[in-house]
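Undergrad: As given, the protein sequences belong to chains A and B, one line each in that order.
Under the numbering used here, the first residue of the first sequence is numbered 1, with each subsequent residue one higher.
Under the numbering used here, the first residue of the second sequence is numbered 1, with each subsequent residue one higher.
Warning: the hint list may mix true and false statements.
What the hints assert, rightly or not - Lysine-lysine pairs mimicking DSS-like chemistry, simulated, CA-CA at most 30 Å apart:
| id | chain 1 | residue 1 | chain 2 | residue 2 |
| --- | --- | --- | --- | --- |
| 1 | B | Lys702 | A | Lys87 |
| 2 | B | Lys104 | B | Lys241 |
| 3 | B | Lys341 | B | Lys359 |
| 4 | B | Lys702 | B | Lys104 |
| 5 | B | Lys341 | A | Lys55 |
| 6 | B | Lys295 | B | Lys359 |
| 7 | B | Lys702 | A | Lys21 |
Unchecked claim - Residues of chain A clear of chain B, computed beta-carbon distances all greater than 12 Å:
| id | residue |
| --- | --- |
| 8 | Val20 |
| 9 | Asp24 |
| 10 | Pro132 |
| 11 | Asn136 |
| 12 | Arg158 |
| 13 | Ile207 |
| 14 | Gly248 |
Simulated from the structure, these hints should not be mistaken for laboratory data.
C-beta: ideal position from N, C-alpha, C; glycine also.
For reference, the chains in residue letters:
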Amino acid sequence: MLWLLILVSATGCEDDLTAVKLSDNAFTLYGIINPLEDIQAVRVYQIDEILTPIKPDPIDATVRSTDLDTGKSVEWQDSVVSFPDGKFGHVFWAPFKPEHGHRFRIEVERPGAAVASATTTVPPESVGEVLPYEVNGGLVTQPILWHDAPNLINIRVRYYTNVGRFDYDYNIAQEDVSEGKKVVIQIYDDTLIIFRRAIFDGIQDVILDRMDMRVVVTDEDWTPPGGVFDPHVFSVPGTFSNVDNGFGFLGSGYPAILEWRPSNDLRKELGFVEQ
Amino acid sequence: MSGFHFLHRSLALRQTCLVTFLSTLVALLFLGAYTSIEVRAQNGTIRGFITDLDSGQSLPNANVSLTDSTGTVLGTVANTDGFYAIGQLAAGMYIFEASYVGYKSFVDTLYITAVRITSLSAALESHRREVGEITVDAEGRTGAASITAGLQTILPADIEMIPSPDINGDLASYLSALPGFVTIGDQGGQFFIRGGEPWQNLVLLDGMVIYQPFHILGFFSAFPTEILNSVDVYAGGFGAKYGGRISSVIDVKSRNGNLNRFSGSASLSTFLASATVEGPIDRNHQFSFLASYRKSVIQHGAARLVDQPIPYEFSDFFGKLYGEINDNSRVSVSFIQTSDKGTQENDITLTPLAEVSWKNQAVGARWVVLPGNTAVLADFTFSYSRLESKLGPELDPTRSSLTSQFNTAADMTFYGGAADVRWGLFARTLKLSTELDGLYQNVESKTEYLTEVGIYVEPDFKPSPGLTLSPSLRIHAFPSKRNTYIEPRLRVVYERRKSTFSGAAGIYHQEIVGVTDRRDATSIFTAWTAIPNTGKVPSSIHLILGYGHRPTPEISISAEVYQKWYSNLFIAEWTGFPQLTTRLQTADGNAHGIDLRFEIQKRHVYGHLTYGLSWVEYEAQQASLELWFGSNTFPFRPAHDRRHQVNVLLGTRFEGVNLTARWQFGSGLPYTRAQGFDGLVLLDDVVNLFEQPGFRRVIYEKPFNGELPAYHRLDVSADYSFYVKGAAITLQASVLNVYDRRNIFYVDIFTQQRTDQLPLVPSIGMKVAFQ
Numbered sequence: 001m002l003w004l005l006i007l008v009s010a011t012g013c014e015d016d017l018t019a020v021k022l023s024d025n026a027f028t029l030y031g032i033i034n035p036l037e038d039i040q041a042v043r044v045y046q047i048d049e050i051l052t053p054i055k056p057d058p059i060d061a062t063v064r065s066t067d068l069d070t071g072k073s074v075e076w077q078d079s080v081v082s083f084p085d086g087k088f089g090h091v092f093w094a095p096f097k098p099e100h101g102h103r104f105r106i107e108v109e110r111p112g113a114a115v116a117s118a119t120t121t122v123p124p125e126s127v128g129e130v131l132p133y134e135v136n137g138g139l140v141t142q143p144i145l146w147h148d149a150p151n152l153i154n155i156r157v158r159y160y161t162n163v164g165r166f167d168y169d170y171n172i173a174q175e176d177v178s179e180g181k182k183v184v185i186q187i188y189d190d191t192l193i194i195f196r197r198a199i200f201d202g203i204q205d206v207i208l209d210r211m212d213m214r215v216v217v218t219d220e221d222w223t224p225p226g227g228v229f230d231p232h233v234f235s236v237p238g239t240f241s242n243v244d245n246g247f248g249f250l251g252s253g254y255p256a257i258l259e260w261r262p263s264n265d266l267r268k269e270l271g272f273v274e275q
Numbered sequence: 001m002s003g004f005h006f007l008h009r010s011l012a013l014r015q016t017c018l019v020t021f022l023s024t025l026v027a028l029l030f031l032g033a034y035t036s037i038e039v040r041a042q043n044g045t046i047r048g049f050i051t052d053l054d055s056g057q058s059l060p061n062a063n064v065s066l067t068d069s070t071g072t073v074l075g076t077v078a079n080t081d082g083f084y085a086i087g088q089l090a091a092g093m094y095i096f097e098a099s100y101v102g103y104k105s106f107v108d109t110l111y112i113t114a115v116r117i118t119s120l121s122a123a124l125e126s127h128r129r130e131v132g133e134i135t136v137d138a139e140g141r142t143g144a145a146s147i148t149a150g151l152q153t154i155l156p157a158d159i160e161m162i163p164s165p166d167i168n169g170d171l172a173s174y175l176s177a178l179p180g181f182v183t184i185g186d187q188g189g190q191f192f193i194r195g196g197e198p199w200q201n202l203v204l205l206d207g208m209v210i211y212q213p214f215h216i217l218g219f220f221s222a223f224p225t226e227i228l229n230s231v232d233v234y235a236g237g238f239g240a241k242y243g244g245r246i247s248s249v250i251d252v253k254s255r256n257g258n259l260n261r262f263s264g265s266a267s268l269s270t271f272l273a274s275a276t277v278e279g280p281i282d283r284n285h286q287f288s289f290l291a292s293y294r295k296s297v298i299q300h301g302a303a304r305l306v307d308q309p310i311p312y313e314f315s316d317f318f319g320k321l322y323g324e325i326n327d328n329s330r331v332s333v334s335f336i337q338t339s340d341k342g343t344q345e346n347d348i349t350l351t352p353l354a355e356v357s358w359k360n361q362a363v364g365a366r367w368v369v370l371p372g373n374t375a376v377l378a379d380f381t382f383s384y385s386r387l388e389s390k391l392g393p394e395l396d397p398t399r400s401s402l403t404s405q406f407n408t409a410a411d412m413t414f415y416g417g418a419a420d421v422r423w424g425l426f427a428r429t430l431k432l433s434t435e436l437d438g439l440y441q442n443v444e445s446k447t448e449y450l451t452e453v454g455i456y457v458e459p460d461f462k463p464s465p466g467l468t469l470s471p472s473l474r475i476h477a478f479p480s481k482r483n484t485y486i487e488p489r490l491r492v493v494y495e496r497r498k499s500t501f502s503g504a505a506g507i508y509h510q511e512i513v514g515v516t517d518r519r520d521a522t523s524i525f526t527a528w529t530a531i532p533n534t535g536k537v538p539s540s541i542h543l544i545l546g547y548g549h550r551p552t553p554e555i556s557i558s559a560e561v562y563q564k565w566y567s568n569l570f571i572a573e574w575t576g577f578p579q580l581t582t583r584l585q586t587a588d589g590n591a592h593g594i595d596l597r598f599e600i601q602k603r604h605v606y607g608h609l610t611y612g613l614s615w616v617e618y619e620a621q622q623a624s625l626e627l628w629f630g631s632n633t634f635p636f637r638p639a640h641d642r643r644h645q646v647n648v649l650l651g652t653r654f655e656g657v658n659l660t661a662r663w664q665f666g667s668g669l670p671y672t673r674a675q676g677f678d679g680l681v682l683l684d685d686v687v688n689l690f691e692q693p694g695f696r697r698v699i700y701e702k703p704f705n706g707e708l709p710a711y712h713r714l715d716v717s718a719d720y721s722f723y724v725k726g727a728a729i730t731l732q733a734s735v736l737n738v739y740d741r742r743n744i745f746y747v748d749i750f751t752q753q754r755t756d757q758l759p760l761v762p763s764i765g766m767k768v769a770f771q
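Kindly generate the complete structure, drawing on both the sequences and the hints.
TA: So this is what it looks like as structure tokens:
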């Protein structure tokens, strides 16, 4: 009898399933405020209920930026970009060149939805300086100071030699100092590889012509969680995000480069021959 | 010769040496057992086989008792080969009785002398009963009362009680009626047993490992009921005889062909066509054969009835040769081949329908021998098993997996009266080849060879009436990986009047894993591979406590609580990219619950009610968890965590018609809800947003925090049997999902397309059996 009761009550149920319960957030945005560029751009995604390829139709969104230091507000233009792989993307852009040190807020809105917004501070103009090299127990290091830099990403050191060009990744090597950020190049370790390569290639006299350091000077927020820009880590929304009422990331920054010729003393110390 | 070839040959040579060494050791063990028992046999022993008089078929679990002149009763139960032995008997007169449900008891008086083995085999005569009649097991060998610490013995008659789309019933339908056995759906053919995943279940047929033992349509196993003799199902807590898996064991024993006369059957239903034939090979009735073939006819039958595609087809063939060399020696050779093919939607790349297929092949030989004047039963098994799985176009599959295994084992049982002792040796070589199209990003596509050797000892002590203690120990090693495992286990059964108390515990390890994408519950394709060389080996600890009670001969109840702790499971990593992933992460697991059963058997009524309450929790250990959820581990409910499970079965006989109805209910399974879809542009530099296409991304909620709707369904079946000129004809009509419940199979989160399990499916069938 109980069984029949259960059965009868169960037959009345037809359970529908909502596999996707749409987020309260309406937009995801990715953008970089670059003080070296005359045009600023931000990529905007609508949060869709069904996964379909992005269509070239305009999206119902208004993008506006505000310079919080001057109060100047600019409405950005929508553009549909067709990528080489056949996909489309919505890139909003505005023709202005932001000032170093200014704070900018980007807002993406549409009627009836919460405004997605993010704020970033354009990093000050930073200049690199080659500090005196240091010798410690036979190990030679070369410190570089980036004045007033809040944060650095994509730090790469390049050696130009007669053996070839050698690039080294220094992404996790920056130190906080009162003047800015200091990066210590492990120049002795790096050049060992160059000398091994020279031996392999049969080159006896190795010449170090010059060096450079390439960085991206960014605002303080633009730091990847875990120290690595891993798309699998970022694939979970919210992992690397500073957008309120939305997803994505807004950063500000610009590329910078410092070139120099190592001193003769340093080259001699490392075993390079003079040109 | 290159270094690689030299290394390869060296490994192969080492494996060959190991097998040779093991074979020699088996022989030495055999001789040792022979001589030692010969010396020890200072008291009388009786032994023999209990068989069916008509067919010569062994009767597993038949009761055997000896009553001495003082009225003291000594008893035992025949094993799956129908073999029994009682040792340590004082010389004297005894009344011997062998009994089995549905058979007339065999009674004899005999004198047993000391220092001697008395052989007495009994062929029992079946009660004449109507074909199709419900058999009442008044002695409680099957059903709820027979369950002890996770072990249940299933007989073909039990399976036939459960409504099935096929007239013969099927083991898969029976298993799905057991509490603690979770299936994802009608399609896919995968069982999760008390929290364990399908790749953690050991399935044996006559000692042969069957890697994918269920057909692609979940109603059907690879084992037709027509070939079954008995099935021992350990939902956990299995003894040291079994190993290499960390969740459960399904040990299928096929029956032997009829030694005395030819017989056979053929059946056709809207799902299956099948035929079975058996008979003696020689005039002395010492050798017999048994062959069975089944092939799905879904596209011509059921699919037309429901007017929707059921894109699955499968077949299986089983053959067995059996011989009784003499009173003390029996041999058999078994062969099975299964083939499954179907299509399923692939992923968001929407390569429309991906074909998935697999083939099992296994061949094995057994030699069961009673050495001379001893109380020892020796069982030697040699077998070869193979599984080939493919996903993708038939001629150019994107993923494939080929697993083969050569297995040798020697199992001995010494019947010592107060203690029976089983022990054995085994050696296995495995070849595991995988081609995974780069999708399994931290599992290399490669071919691996593994060798496993080991020993076990499993005594049954009977220190007092009704109490059986079975401590056991299994030691097995993988020389090529330099891993050795010592696995102590314990089973205890205490019978007192109408009640049975039982318990089991054990430690288990597993060196090969079935890699599948469990994030997608519908994923059928499984790639078998050796565990990655991370130093982490999947392992588990089981604990089971059970109670059974039989207040009347017709009613039995049982309750079991269980706990399984899992370590180092390999599960798919999480990602927000809308594609299937098989990147692996390790996880620990915890499964616990309670299974309850109530069962009634009367002459014309059979019914059971089962309820399973369980919790399965995994704790993931993916490196990114700290960044995502603020903790370096993350607990979640895996996709097979079914909290409540109810099965109601009623069977009766009315006007010669057997009527059965089964209602099953399962609470909703977890799934990962999404909040929509956006995109990801990787800002790892001052990128030009006009040139970066980015990736599509799923905005998932926390993993497995959603729950699918509950599953429930009513199946009914009626069959009627009659004789025409000596042939037994059975007609069957059944309806699956009587009230056409829209049970969800899966929802494609990306497209929100819902796929349901089978709708109302009527089915008819006819079977003709002849002798």
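Undergrad: Taking the hints in turn, state whether each one holds.
TA: Right, here's what the structure says about each hint:
1. At roughly 29 Å between alpha-carbon atoms, Lys702(B) and Lys87(A) fall within 30 Å of each other, so this suggested pair holds.
2. Taking the CA atoms of Lys104(B) and Lys241(B), the gap is about 33 Å. The hint is violated against a cut of 30 Å.
3. Proximity of Lys341(B) to Lys359(B) is assessed by CA-CA distance (about 9 Å); at most 30 Å being required, the pair is judged to hold.
4. Taking the CA atoms of Lys702(B) and Lys104(B), the gap is about 62 Å. The hint is violated against a cut of 30 Å.
5. Annotation: proposed proximity of Lys341(B) to Lys55(A) is violated, straight-line Cα distance about 37 Å (limit 30 Å).
6. For the given pair, Lys295(B) sits about 14 Å from Lys359(B) by alpha-carbon distance, which is consistent with the 30 Å threshold.
7. Straight-line distance between C-alpha atoms of Lys702(B) and Lys21(A) comes to about 13 Å, which keeps the hinted pair within the 30 Å bound.
8. With a cut of 12 Å on Cβ distances, Val20(A) falls inside the contact zone with chain B, its closest approach being about 5 Å.
9. The Cβ of Asp24(A) sits about 9 Å from the closest Cβ of chain B, inside the 12 Å cut-off, so the non-interface label is violated.
10. Remark: the non-interface label on Pro132(A) is consistent with the geometry, its nearest Cβ contact in chain B lying 31 Å away (cut-off 12 Å).
11. With a least CB separation of 33 Å from chain B, Asn136(A) remains clear of the 12 Å interface cut-off, as annotated.
12. No beta-carbon of chain B is positioned within 12 Å of the beta-carbon of Arg158(A); the least distance is around 16 Å.
13. For Ile207(A), the non-interface assignment is confirmed: its Cβ lies about 31 Å from the closest Cβ of chain B, beyond the 12 Å cut-off.
14. Remark: the non-interface label on Gly248(A) conflicts with the geometry, its nearest Cβ contact in chain B lying 8 Å away (cut-off 12 Å).
When held up to the earlier numbered hints, the structure conflicts with 2, 4, 5, 8, 9 and 14 and fits the remainder.
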